[in-house]
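Enquirer: Starting from the given sequences, assemble the full structure and let the hints guide the process.
Each chain, written out:
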Amino acid sequence: MTNLVEVRNLRIEATTDAGRVVEIIKGVSLDIADGEIIALIGESGSGKTTVALSLMGHARPGCRITGGEINVNGKNMAALSEKERAKFRGTDIAYVPQSAAAAFNPSSTIMEQVIEVTRIHKLMPPEQARKRAVELFRALSLPDPEGIGARYPHQVSGGQLQRLAAAMALIGDPKLVIFDEPTTALDVTTQIDVLKAFKSVMKAGGIAGVYVSHDLAVVAQIADRIVVLKGGEVQETGTTTEILSAAKHPYTRELLAAFEPKPRQAQADAEAETKELLRIDNVTAGYGPVRDNGLPLIRAVESVSLVVEKGRNLGVIGESGCGKSTLARVIAGIHPAAAGDIVFDGKQLERAARKRSQVQLREMQIVFQYADTALNPAKPIEDIISRPLAFYHRLDRQQRSKRVDELLDMVHLPRALRYRHPSELSGGQKQRVNFARALAASPKLIICDEITSALDTVVASAVIELLKELQRELGLSYIFISHDLSVVEAICDEIMVMYKGERVEQITPDKVKAPNHPYSKLLFSSVPKLDPAWLDGLVRDPELVSQYGHR
Amino acid sequence: MTMARVASSRRSFLGHSYNLVGVVASLVILAWTLVAIFAPYIIPHSIGDIVDDDYFGPMRQGLWLGSDYLGRDMLSRVLMGARYTVGISLAAVSIACFSGVVLGMIAAVTGGWLDTCLSRFLDAMNSIPSKLFGLVVVAAVGSSIPVLIVTLAVIYIPGAYRFARALAVNINTMDFMTVARVRGENTVYLIGSEILPNIIRPVLADFGLRFVFVVLLLSGLSFLGLGLQPPLADWGALVRENIGGLPFAAPAVIVPSLAIASLTISVNLLIDNLPQKIRDRGV
Chain Z
268 MTNLVEVRNL RIEATTDAGR VVEIIKGVSL DIADGEIIAL IGESGSGKTT
318 VALSLMGHAR PGCRITGGEI NVNGKNMAAL SEKERAKFRG TDIAYVPQSA
368 AAAFNPSSTI MEQVIEVTRI HKLMPPEQAR KRAVELFRAL SLPDPEGIGA
418 RYPHQVSGGQ LQRLAAAMAL IGDPKLVIFD EPTTALDVTT QIDVLKAFKS
468 VMKAGGIAGV YVSHDLAVVA QIADRIVVLK GGEVQETGTT TEILSAAKHP
518 YTRELLAAFE PKPRQAQADA EAETKELLRI DNVTAGYGPV RDNGLPLIRA
568 VESVSLVVEK GRNLGVIGES GCGKSTLARV IAGIHPAAAG DIVFDGKQLE
618 RAARKRSQVQ LREMQIVFQY ADTALNPAKP IEDIISRPLA FYHRLDRQQR
668 SKRVDELLDM VHLPRALRYR HPSELSGGQK QRVNFARALA ASPKLIICDE
718 ITSALDTVVA SAVIELLKEL QRELGLSYIF ISHDLSVVEA ICDEIMVMYK
768 GERVEQITPD KVKAPNHPYS KLLFSSVPKL DPAWLDGLVR DPELVSQYGH
818 R
Chain F
70 MTMARVASSR RSFLGHSYNL VGVVASLVIL AWTLVAIFAP YIIPHSIGDI
120 VDDDYFGPMR QGLWLGSDYL GRDMLSRVLM GARYTVGISL AAVSIACFSG
170 VVLGMIAAVT GGWLDTCLSR FLDAMNSIPS KLFGLVVVAA VGSSIPVLIV
220 TLAVIYIPGA YRFARALAVN INTMDFMTVA RVRGENTVYL IGSEILPNII
270 RPVLADFGLR FVFVVLLLSG LSFLGLGLQP PLADWGALVR ENIGGLPFAA
320 PAVIVPSLAI ASLTISVNLL IDNLPQKIRD RGV
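If you read the sequences in order, they're chains Z and F.
Per this note's numbering, the first sequence starts with residue 268, numbered consecutively.
Per this note's numbering, the second sequence starts with residue 70, numbered consecutively.
One or more of the hints may lead you astray.
[Said to hold, decoys possible] On the chain F side, residues computed to face chain Z include the following (Cβ under 10 Å): (1) S86; (2) T242; (3) D244; (4) F245; (5) V248; (6) R250; (7) E254; (8) Y258; (9) E263; (10) L265.
It should be emphasised that the hints constitute simulated quantities derived from the structure, not laboratory data.
Please read these numbers as outputs of a predicted model, since none were measured by experiment.
Backbone N, C-alpha and C define an ideal beta-carbon position, used for all residues, glycine too.
Expert: The following block contains the structure:
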């Protein structure tokens with residue numbers, strides 16, 4: 268036995284409701300040496316999380332390991348009983364979940380949860396465990412390492428919680444740590460701190476790691492080797508530099524291509540006289556009781572003005588909590604503004620959607636981030652898409668059916684999908700249906716609220732291509748809200764940067780590339796690059812970070 | 070391995086999978102429903118006829134379930150009793166669930182003062198003990214089938230309302246509700262087409278559960294002499310009027326009790342084992 272982990276010909280199967288057996292993992296083999304960090308990348312459904320979990324001998328409900336060997340530290344996890352496996356979990360192998368916020372128990376302090384592993388496995392007395400935890404907090408560069416353990420999970424930020432989850436995993440001195448997309452839910456500015464902390468702790472302790480992600484740029488910063496998975500099979504394995512510079516497999520190339528900055532095609536009518544489609548002036552909106560001056564107590568959007576021109580796109584970018592989604596809801600009238608004017612297509616709009624006319628509602632559509640909750644799970648796709656057709660256009664059954672086919676063609680979905688329910692579609696398919704429903708209204712403006720952030724890189728870039736194509740054909744305008752700069756740059760003519768409810772800067776990517784405002788600079792510099800040396804070489808102005816970063 | 074066994078114990082039919090317990094339970098319910106519908110045509114004796122010389126007679130040929138405290142045929146009385154027990158309960162629970170669920174969904178979708186008023190009013194209703202409420206109503210307006218149905222319905226509306234509102238409030242926060250609102254849809258569409266399909270399964274389960282409660286409450290009221298008046302008798306009334314037969318182990322008191330038990334337990338089992346539509350993602 269030379270390697271810490273040796274997986275040989277791993278097979279995992281699942282049984283569907285109808286009793287059909289589906290093979291999820293079809294003979295995966297991989298090795299991890301001591302102290303080596305391996306990245307498992309692939310699109311959603313490629314089996315990367317399933318493989319990672321199987322290293323702990325765990326198969327999710329409904330799945331089971333049917334063949335192969337999983338040798339971790341000389342023990343075959345697949346052959347052990349559940350009780351024996353439990354002995355190694357937390358001490359030999361540890362796990363850092365995707366959403367630390369959901370993984371912490373809200374009703375006990377952080378310290379208690381971090382040292383729980385040492386109590387369960389009787390590794391060390393609680394006093395010593397607390398000291399060790401504080402050391403880890405310091406190593407993970409958490410603020411106030413002495414005092415943070417006494418807080419409850421809701422009292423720290425998402426980035427901090429993710430690092431605390433890592434501390435929880437590391438306290439039992441594991442030989443292998445599994446990171447399951449630990450930074451996917453974080454802002455770019457926070458992601459950097461978390462990645463840096465992970466990297467330094469892993470290197471210092473010589474701990475091997477498995478890093479599951481779909482973000483190649485993030486993986487490039489932390490992994491020594493990359494394993495590319497698709498459809499439950501290993502497509503390609505290689506060192507990080509090999510994969511990044513000389514990928515052989517078409518899927519890997521596709522992944523890489525999704526990162527290449529796509530030159531935006533110049534708008535055909537860029538020179539032509541542009542007409543204003545939407546203008547909002549000094550809009551303020553927020554939550555909580557209304558004060559004497561007519562403004563709400565907590566203002567999420569603070570006198571923001573913007574203009575969207577016909578056939579052109581505006582990107583709104585900023586970290587979570589900056590008010591960009593509230594701005595979208597204000598424009599759509601879901602959350603009525605407290606002050607300010609919204610002018611759409613030359614007419615003043617009511618602030619609340621229910622007072623707007625049907626034509627106004629039809630011409631401005633909003634597409635939400637999570638297609639899972641934006642599509643009614645109880646209805647087949649054709650009902651979902653045909654409702655706006657019946658409601659706005661009063662089409663009869665036959666016309667509707669024909670139009671649904673056209674719309675499905677437009678968003679590149681097979682027509683047979685119309686009989687399925689949303690739960691039977693993949694994330695990318697759902698987002699396309701979500702978009703097709705907005706198109707069914709024949710709108711002039713579509714507000715896209717983080718529509719690609721729940722999708723993986725390849726699927727997201729396909730959705731962006733689709734949006735561009737539809738814009739060319741239908742002359743739509745988009746307001747594109749995102750925290751992902753590369754996505755916004757790929758599609759928008761203008762980019763507005765928001766910070767704490769205010770508009771800090773507007774950038775035109777075609778003309779000026781460099782941002783001027785300090786926050787924009789920080790944001791733009793925080794987007795990971797494919798270069799593996801990027802994170803180590805990144806020097807950020809400490810003043811900027813202390814002013815705008817949330818540590 | 071466990072998964073495979075669970076999967077094989079369910080059979081499939083017409084694209085639905087079901088299991089044996091559910092089938093047996095639905096057969097019992099179907100049998101009682103048929104009895105309720107056709108009772109007047111299948112009873113061997115009229116329910117008022119005294120056919121036995123003895124009272125609390127044992128089971129024997131001709132009198133399959135023995136005779137009651139007056140010597141009347143027990144089989145005929147149980148079969149006719151099914152009619153009242155199932156009929157009254159079904160009517161009451163339908164009214165209660167329909168009004169409760171519709172009000173609950175409206176309250177969840179509309180919110181604001183309508184929600185507050187409705188919730189507080191129905192909470193107040195809920196705080197009245199059900200038997201006491203039945204007692205007062207029957208004492209005030211007398212006992213008849215329509216009065217019983219309305220009383221039972223009123224007693225169970227608050228529960229159905231609370232249940233449906235709690236479910237609908239969750240659905241109401243979903244993005245597809247926002248999408249429908251921004252589209253300009255009215256309340257009728259919102260509750261009928263967006264919310265109802267998502268809560269229909271738990272609502273149906275609640276319907277069955279509430280049906281059991283109504284059967285038991287109706288039997289309880291009849292047992293106290295507040296339900297159906299003689300010579301009509303539902304199962305609860307049959308238990309009460311024959312309670313004197315307990316020391317003799319008379320079938321007259323056991324059979325209606327078993328009838329109540331078989332119906333309520335079957336409904337419960339059916340709810341727990343409803344057929345499931347098979348939707349296979351991979352295909």
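Enquirer: Run every hint past the structure and note whether it holds.
Expert: Here's how the hints hold up against the structure:
For S86 of chain F, the interface hint holds, the least distance from its beta-carbon to any beta-carbon of chain Z being 7 Å, beneath 10 Å. Satisfaction of the interface hint for T242 of chain F is found here, the shortest Cβ-Cβ separation to chain Z being roughly 9 Å, below the 10 Å cut-off. Given hint, D244 of chain F at the interface with chain Z, holds; its Cβ is 4 Å from that chain's nearest Cβ, closer than 10 Å. Interface restraint check for F245 of chain F: the shortest CB-CB distance to chain Z comes to about 5 Å, inside 10 Å, so the restraint holds.
A cut of 10 Å between beta carbons decides the hint on V248 of chain F: the least distance to chain Z is about 6 Å, and the hint holds. Interface hint status for R250 of chain F: upheld, as the beta-carbon distance to the closest one in chain Z is roughly 7 Å, under 10 Å. The interface hint given for E254 of chain F is met, as the beta carbon of that residue sits about 7 Å from the closest beta carbon of chain Z, less than 10 Å. With a least beta-carbon distance of about 8 Å to chain Z, the hint placing Y258 of chain F at the interface is held under the 10 Å criterion.
Evaluation of the E263 of chain F hint against chain Z yields a held restraint, the C-beta minimum of about 6 Å falling below 10 Å. Taking 10 Å as the C-beta contact cut-off toward chain Z, the hint placing L265 of chain F at the interface holds, the least distance being around 8 Å.
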